[in-house]
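Those sequence lines, one after another, are chains S and W.
Take the first sequence: its letter number 96 is residue 96 in UniProt numbering, and every next letter is one higher.
Take the second sequence: its letter number 203 is residue 203 in UniProt numbering, and every next letter is one higher.
No lab work stands behind these hints: they were computed from the structure.
These numbers come from a predicted model, not from an experiment.
Using N, Cα and C, we set each Cβ at its ideal position, and we do this for glycine too.
It is possible that part of the hints are untrue.
What the hints assert, rightly or not - With a straight-line cut-off of 30 Å between C-alpha atoms, the simulated DSS-like cross-links for lysine-lysine are:
#	chain 1	residue 1	chain 2	residue 2
1	W	Lys252	S	Lys196
2	W	Lys350	S	Lys244
3	W	Lys252	S	Lys81
Unchecked claim - A short list of chain S residues far from chain W (calculated; beta carbon distances all over 12 Å):
#	residue
4	Arg32
5	Glu62
6	Lys94
7	Glu154
8	Lys207
9	Asn236
10	Cys237
11	Tyr257
12	Ala269
13	His322
14	Asp353
15	Thr355
To be verified - To give an idea of the chain S side of the interface with chain W (calculated C-beta under 8 Å), a few residues:
#	residue
16	Ile40
17	Asn78
18	Met79
19	Asn93
20	Lys171
21	Met239
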Amino acid sequence: MARRSASMLSRLLANPSSPFTAPSRSITYMPRPGDGAPRIVTLIPGDGIGPLVTGAVEQVMEAMHAPVHFERYEVRGNMRKVPEEVIESVKRNKVCLKGGLATPVGGGVSSLNMQLRKELDIYASLVNCINVPGLVTRHENVDIVVIRENTEGEYSGLEHEVVPGVVESLKVITKFCSERIARYAFEYAYLNNRKKVTAVHKANIMKLADGLFLESCREVAKKYSGITYNEIIVDNCCMQLVAKPEQFDVMVTPNLYGNLIANTAAGIAGGTGVMPGGNVGAEHAIFEQGASAGNVGNDKIVEQKKANPVALLLSSAMMLRHLRFPTFADRLETAVKQVIQEGKCRTKDLGGDCTTQEVVDAVIAALE
Amino acid sequence: MTMAANLARRLIGNRSTQILGADSSSGAATSVARAFCSSSTPITATLFPGDGIGPEIAESVKKVFTTAGVPIEWEEHYVGTEIDPRTQSFLTWDSLESVRRNKVGLKGPMATPIGKGHRSLNLTLRKELNLYANVRPCYSLPGYKTRYDDVDLITIRENTEGEYSGLEHQVVRGVVESLKIITRQASLRVAEYAFLYAKTHGRERVSAIHKANIMQKTDGLFLKCCREVAEKYPEITYEEVVIDNCCMMLVKNPALFDVLVMPNLYGDIISDLCAGLVGGLGLTPSCNIGEDGVALAEAVHGSAPDIAGKNLANPTALLLSGVMMLRHLKLNEQAEQIHSAIINTIAEGKYRTADLGGSSTTTEFTKAICDHL
């Protein structure tokens, strides 16, 4: 007991500003009567490493006795569309936890990830890219939240062949969606004590489309005088991310650039195996691994069961906060962070050689 | 010295026409053969010094090339002060004709004047000369330490269509559409060039970067064309990587990639990302390839008006682009010489310009390179 509190104390002193540091006992959260009733969450294991990592989350949730029940639905990436019952379930439960759904390349099947987002109008995708203490990367002081518009832009899926050999794809930007995402980004920054919002665009070339996006961002920026707002062109942004990532705080982007920026930022902070993320709309929320929702790993990882469950575990902690169970979220995050910092149990992408199950066991052991 | 250089050039020339001769689809072969017809007379090349720091670094290039004994005669052209009606921009018709005639050029940074009624300078060059591929080699400069030490890759970007077609319109108030166009012809052209480049430079792997899981028809067409060309080069490994994976892998482990071929938008972002990995745009060479074997090497950084005329600019990008131009002309020996001189000067660390953390002037840096030759 003394040893654990000593290690916690040393962690607190070493890293006072990290969001992963939990106060030793939270006394400010006062639940309403009945808040302890278990919530039902839709669970979609997905393809590839999906079932492995969602299994990990289920185990950890049980060990914590978290008031969460999972309603499991099988969805495969090569299905034509998401089954009706799954959508019904998410609409009922309002919250969903999802492993990756692979979209077959050039297969003529529209992405199921996109379908879910459009049907449930989940318009903001959030990836929190932050240096995890104990994980050595080339860049320090990375703490970037990438907020990406999730429903339109280049991913509208409107393509057609004009004549054989010439294909057109439509990129649609609307004022409504741009304003929505800008408002969400600024509100997020305001509620989470973030100081700067950067809009990423390519308006020097795509003057009307990205110009409209920028206009919406500027209008919303005027209402938040306490938050600095600036704009950066996407290719310059990538270069700056690689050279000086500490200059970015919250970034708001249209769909495609958001995908690239989120992956780049996740890469510099430690890899997509570690970054939590979620998609949120006005009524529903889907939590999945941070960047690369379509990345389900390769067969070798599935066989050897060496997938990294950290990203999904941290995303499920975000989900617990969304469900208003903050202490469970804090406990889970502290445990995961401790396991990574100790460094004894890491999967291959973090430089170790453990299996998923070993990491899960370590996390369960670290739970207080 | 010149006789030996001529002999070497003729020898290299024979081998290169053997390599390139079999592949008739590239115009580069014909241009190289033509360049060698005049092995004793110097090759004329167009030089656009550009604005801002352009003239200083162009001077630098000319000096290094003369010291190395490169048989190139420069035809200098400047951006005009009025709009030429034939080109609808500040670049004159004569300048463009000169590049078309000489087939090679070197371009410094040009600042597009703000205003309407004329096309941007880069757009003019691209459209008039039909520059379809932008080649940017990114390699870690030994001696200039960045966070990444083992970068050695080449990005080849399709430069004419894709998302940058500029076709946008407002459908109704508050709704804007932008067209992304991919054609078979343009994709085949850039894929052919990418594989040809890989072969002539001894590269083993070509990766096509795409987002065909979402944009199935457009990037799907691009991939199909790449696959077709890949079949003709069985000795080169071909793979396809989704762009978000590619971004992540590039920042985690850039040594995984060799040659990257991509459509326009992804190419823009990835090539700038790779430039960031090795030290920024001040050190990155680039070369635009056009139809009929036209090659226009350029420095991709800006014109830096704040340090113009103060002898502080870093000529490395333009020098390395010049080296790319020499390699295109098959003047490999001199290219190698100048390249090693630049690398050694930077590695030594005694003479470095301000942006690399040193305090030398442009002229001192240039002199150091000349001394290393």
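- prompt: Which of the stated hints cannot be reconciled with the structure, identified by number in ascending sequence?
  reply: 3, 7, 8, 9, 10, 11, 12, 16, 17, 18, 19
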